[in-house]
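*Asks:* Next come the chains, spelled out residue by residue.
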Amino acid sequence: MGIYAEPRFLPCGDLALSVELGDDINREVNARVLALEYLIRQRSLTGVTETVPSYRSLLVYYDPLSVGWDDLTSSLHALWREARPEVLPPARTVEVPCCYEGELGFELEGAAEKLGLDPDEVARLHASADYYVYFVGFTPGLPYMTGMPERLNIPRLVQPRTKTPPGSVSIGGTQCCIYSVESPGGFWVLGRTPLLLYNPSAADPILLRAGDHVRFRAIDRAEYDGIAAAVAQGTYTTHIESPRHR
Amino acid sequence: MNLLVHDAGPQTTVQDLGRRGSLREGIPPSGPMDREAFLLANRLVDNADDAAGLECTVIGPRLEFADERWVAVTGATMAVTLNGAAMPRWAAFQVKPGEILRLGPAASGVRAYLAVSGGIDTPLSLGSRSTYLRGQLGGHHGRALKKGDTLPLGAPSGGAPARVLEPFIPDYAESPVVRVVLGPQDDRFTERGIAALFDAPYEMTPQADRMGARLHGARIEHTRGHDIISDGVAFGGVQVVGDGQPIVLLADRQSTGGYTKIGTVCSFDIGRVCQVKPGQRLSFKRVTVAEAHELGGAYRAELDHAIHWEEAP
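Those sequence lines, one after another, are chains V and R.
0 is the number of the first residue of the first sequence in numbering that gives the first Met the number 0; add one for each residue after it.
0 is the number of the first residue of the second sequence in numbering that gives the first Met the number 0; add one for each residue after it.
Mixed in with the good hints, there may be bad ones.
As the list claims (entries may be wrong) - Straight-line alpha carbon distances no greater than 30 Å define the calculated BS3-like cross-link-like pairs of lysine-lysine that follow:
| # | chain 1 | residue 1 | chain 2 | residue 2 |
| --- | --- | --- | --- | --- |
| 1 | R | K276 | V | K162 |
| 2 | R | K276 | R | K146 |
| 3 | R | K284 | V | K162 |
If you are wondering where the hints come from, they were derived from the structure by calculation, not from laboratory data.
Taking the hints into account, I'd like the entire structure generated from these sequences.
*Replies:* Below you can see the structure in the form of structure tokens.
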């Protein structure tokens, strides 16, 4: 289990391939995925048109008129040898304010009951941890994170919701995510952030990126409303801690 | 100058060749579902390949032009009229100020493309004019067109009578054979499961949109469950979930997903999948990556000779 001795190159049609570096969800494998992506971008690898990192693999889109399978996989293999976490620039820590109260955290009580904990304790535990963003995807700007205290490990909902409001801070298994657009969901909603994970009218629509660290800050409803208003007016500044070393 | 929308049709959107580089942030490329039909429409009116046009779904719009333009309609078989008079499809023709262009319901195929000389000049979002409906991004205010909308047009470069040669006009009433490369998770299916995908045709279901197309046919058998550690989803990815039925993931797809993908439809055949109506069938044919590259290269080269110019543009 863990990191493969050699990367696997898996075909994804005629314009993409997946570079798989390991067989489970762990920070070390993911850091190598991000490092490989970083090197591809930094070196502007011939023929590569787009990359999509996920937990343990990198989807690489390419133009077969510029580069063939053999040349591409051999240059990816060479970069993979260099793709260590140290090549990555220092990570950011982004503060995400979260209100765990009332209707905003509409499954906090249910989750607490399932976990055999007090709801306040669930919120406190959730906000106490340092989260790591493996990648952003599924819907625009949705971060896939781990870092939760073990006591919050919880099976996913038996019956997924058809609609989850954007900004919902949710947990399932060992993972935490923040829904970025209204979508179906199988995670327990503990609270909501007034920040926009995806803002289509902004020049840079995405709040969080692969490799970021996230700290939740518990806020009350009044502060939630205040921040939401500032976000709507474009006057809110997200707190981003100076880069930290990995 | 601009284009006035008298009737929009159920889902008419502004599209260009798509948004590149945002998938890593969860934003799909969007762009035309039938890339070849879209390209030919642009080329017919002497536009660059990446000029924005309209994708018209199932029923076309009714439009009025404020100035003289060359236009071309390709893709699904929607009857085209100009001030009530029948006009050719897969061919460039001129429209004059005040004239009304109408695209009817699709007799075969699903999506038609309208290119206008000069292109549609809505603002760029993340480098593209393509509409991503679910993300309310790009196109005309991030949404499908509505009656009363006015779309800005770019300066036309010229135009001349032109038509697409007969062999390049698909017959959408036929059931297409669609080439598929196995992977990335073909090792999660039994031999029988893989054979099922290629042995008999699948039927398009009504659950088909710009995100994906759900098909119905022989059950595709997994070796051990359908969940994977979420990974990236390529354009044309054939996802198979617990019910053993395939879903082809398309232009507005989720960037990543947690279900097994048995194969990926070749880029040059994705357009054909997107023209299959609910109830109509399609079949899959297995090719290797090397074969797909050869077929794709040859097809792209052929497309460069698809248009006959009546006179030099």
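*Asks:* Give a verdict on every hint.
*Replies:* The hints, checked one at a time:
1. K276(R) x K162(V): 28 Å, holds
2. K276(R) x K146(R): Roughly 26 Å separates the two Cα atoms, so the pair holds.
3. K284(R) x K162(V): Distance ~37 Å between K284(R) and K162(V) Cα, so the pair is violated.
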